[in-house]
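J.: Can you build the whole structure from these sequences, using the hints too?
Residue numbers (my numbering), protein chains in the order written: chain C, 2 to 113; chain P, 147 to 260.
Any given hint could turn out to be false.
Claimed, not checked - Have a look at the derived ranges for each label pair, beta carbon to beta carbon: (1) C:T74 x P:I197: 30 to 40 Å; (2) C:E6 x P:Q202: 18 to 28 Å; (3) C:K4 x P:D200: 19 to 29 Å; (4) P:S226 x C:K112: 37 to 47 Å; (5) C:D67 x P:N164: 38 to 48 Å; (6) P:R190 x C:D31: 19 to 29 Å; (7) P:L260 x C:Q15: 36 to 46 Å; (8) C:N19 x P:E253: 25 to 35 Å; (9) C:Y23 x P:R190: 36 to 46 Å.
Just so you know, the hints here were simulated from the structure itself, not pulled from any lab data.
None of these values were measured; they are calculated from a predicted model.
Where a beta carbon is used, it is the ideal one built from N, C-alpha and C, also for glycine.
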Amino acid sequence: ELKVEQNPLFLSMQEGKNYTIYCNYSTTSDRLYWYRQDPGKSLESLFVLLSNGAVKQEGRLMASLDTKARLSTLHITAAVHDLSATYFCAVDSWGSQGNLIFGKGTKLSVKP
Amino acid sequence: DGGITQSPKYLFRKEGQNVTLSCEQNLNHDAMYWYRQDPGQGLRLIYYSQIVNDFQKGDIAEGYSVSREKKESFPLTVTSAQKNPTAFYLCASSMWLSGTGELFFGEGSRLTVL
Chain C
2 ELKVEQNPLF LSMQEGKNYT IYCNYSTTSD RLYWYRQDPG KSLESLFVLL SNGAVKQEGR
62 LMASLDTKAR LSTLHITAAV HDLSATYFCA VDSWGSQGNL IFGKGTKLSV KP
Chain P
147 DGGITQSPKY LFRKEGQNVT LSCEQNLNHD AMYWYRQDPG QGLRLIYYSQ IVNDFQKGDI
207 AEGYSVSREK KESFPLTVTS AQKNPTAFYL CASSMWLSGT GELFFGEGSR LTVL
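T.: Okay, here's the thing in structure tokens:
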């Protein structure tokens, strides 16, 4: 059974600081996704990582994938308040027929 | 504009009633999914469908039913058999065969049982 673990689950940061969210998964996969969810809202796609070594960047967020370590990271650079949200990683395991397994999410709060 | 439309956004139900949540997409996606999210939790898969007239149970299908009569539509019925239906329900779609597998989500339906 594929398991996806994120850590930390809660993260309180000061504006201007850097931090990394980790996403570990338990079985072979080469497809990993990051989503953002604002309170009371739906999920918005941030990054799609489709191969080992994939790195994608958008603004202050950068995501990477290491399929050998079964690890993805979401790095936040010089955090700003607008980044406050819950971030989910999701994994598409082989044979899953497109069903993504989601982590529990990391609730990020960026304070002035 | 292409996207996924869920309705209603908010729904209140008395115990013992069935309710149906609508999900329509105009993205021409093959696959559609229903997820449930409880407060402070991740998403759990209820049902999914990869082609018309076919669907499979996800991890928490008990107490729910679906149909896929048209490619664009995947309604979810929350039956009275669902013990704890109060939750946020998210519909999603993807091109899982020919695309990246990325899920695109609707805005969600929030169901409260009174």
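J.: All hints, please: hold or fail.
T.: Structure-based check of each hint:
Here the CB-CB span from T74 of chain C to I197 of chain P is close to 36 Å, well matched to the stated 30 to 40 Å. Here the CB-CB span from E6 of chain C to Q202 of chain P is close to 25 Å, well matched to the stated 18 to 28 Å. As the Cβ distance of K4 of chain C to D200 of chain P is approximately 27 Å, the hint placing it in 19 to 29 Å holds. The beta-carbon spacing between S226 of chain P and K112 of chain C, approximately 45 Å, falls within the hinted interval of 37 to 47 Å.
Between D67 of chain C and N164 of chain P the beta carbon distance is about 46 Å. The supplied range of 38 to 48 Å therefore holds. As the Cβ distance of R190 of chain P to D31 of chain C is approximately 23 Å, the hint placing it in 19 to 29 Å holds. Under the hint 36 to 46 Å, the C-beta atoms of L260 of chain P and Q15 of chain C, about 42 Å apart, fit the expected range. For N19 of chain C and E253 of chain P, the Cβ-Cβ distance of about 32 Å falls inside the hinted range of 25 to 35 Å, so the restraint holds.
At roughly 22 Å, the beta carbons of Y23 of chain C and R190 of chain P sit outside the given window of 36 to 46 Å.
Comparing the model with each numbered hint stated earlier shows that hint 9 is the single one that does not hold.
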